[in-house]
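Numbering-wise, UniProt numbering puts 65 at position 65 of the sequence shown, and it's gapless, one number per residue.
Mixed in with the good hints, there may be bad ones.
Pair by pair, the computed Cβ-Cβ distance ranges are [stated by the list, open to error]:
#1 Asp-17 - Asn-62: 15 to 21 Å
#2 Glu-72 - Asp-37: 28 to 34 Å
#3 Asp-15 - Asp-47: 17 to 23 Å
#4 Gly-66 - Glu-30: 16 to 22 Å
#5 Glu-72 - Asp-36: 16 to 22 Å
#6 Asp-15 - Asp-37: 24 to 30 Å
#7 Pro-50 - Gly-21: 17 to 23 Å
#8 Ser-69 - Asp-36: 17 to 23 Å
#9 Ser-69 - Glu-30: 16 to 22 Å
#10 Asp-17 - Glu-51: 27 to 33 Å
#11 Gly-23 - Ala-71: 21 to 27 Å
#12 Asp-37 - Ala-71: 23 to 29 Å
These are calculated hints, taken from the structure and not from any lab test. Given the structure is predicted, the values throughout are model-derived calculations rather than measurements. Glycine residues also receive a C-beta, built at the ideal position from the N, C-alpha and C atoms.
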Amino acid sequence: MVSAPKTGTPRVRADRDVCIGAGLCVMTAEEVFDQDDDGLVVLVTPDPAPETETAVRKAVRNCPSGALSLAEG
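Please put together the full structure from these sequences, using the hints given.
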């Protein structure tokens with residue numbers, strides 16, 4: 001599991017063991033998410049900027065495998 005450091009925005013968690021490589025996170029918030037050569041989620045920005053919060057929340061909500069989650073504050 002990979003987590004972003006604590007900031008004013010929610011911490012993003014990506015569970016690569018659960019990721020199915022759909023890529024919706026990248027399409028929704030490419031500033032925060034990417035995919036490796038196997039198509040699995042990679043956190044590009046370990047500390048998501050406040051202006052990405054809406055996109056990050058949408059990516060988490062739309063993740064088909066449930067690999068993404070948020071830890072508030």
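Consistency of the hints with the structure:
1. Judged by the Cβ atoms, the range 15 to 21 Å given for Asp-17 and Asn-62 holds: they are separated by roughly 19 Å.
2. For the pair Glu-72 and Asp-37, the beta carbons lie near 32 Å from each other, so the given range of 28 to 34 Å is met.
3. The given range of 17 to 23 Å is respected by Asp-15 and Asp-47, whose C-beta atoms sit roughly 19 Å from each other.
4. Against the hinted window of 16 to 22 Å, the Cβ-Cβ separation of Gly-66 and Glu-30 comes to about 20 Å, which satisfies the hint.
5. One distance hint, 16 to 22 Å for the beta-carbon pair Glu-72 and Asp-36, is violated here, with the actual separation near 27 Å.
6. A hinted range of 24 to 30 Å for the beta carbons of Asp-15 and Asp-37 is inconsistent with their spacing of about 18 Å.
7. At roughly 28 Å, the beta-carbon separation of Pro-50 and Gly-21 lies outside the given 17 to 23 Å, and the hint is violated.
8. Our hint of 17 to 23 Å for Ser-69 and Asp-36 holds, since their Cβ atoms are close to 19 Å apart.
9. At roughly 19 Å, the beta-carbon separation of Ser-69 and Glu-30 lies within the given 16 to 22 Å, and the hint holds.
10. For Asp-17 paired with Glu-51, a C-beta distance near 30 Å keeps the hint of 27 to 33 Å intact.
11. For Gly-23 and Ala-71, the Cβ-Cβ distance of about 23 Å falls inside the hinted range of 21 to 27 Å, so the restraint holds.
12. At about 28 Å, the beta-carbon gap between Asp-37 and Ala-71 stays in the expected band of 23 to 29 Å.
In summary, the structure is inconsistent with hints 5, 6, 7 from the numbered list given earlier, while agreeing with the others.
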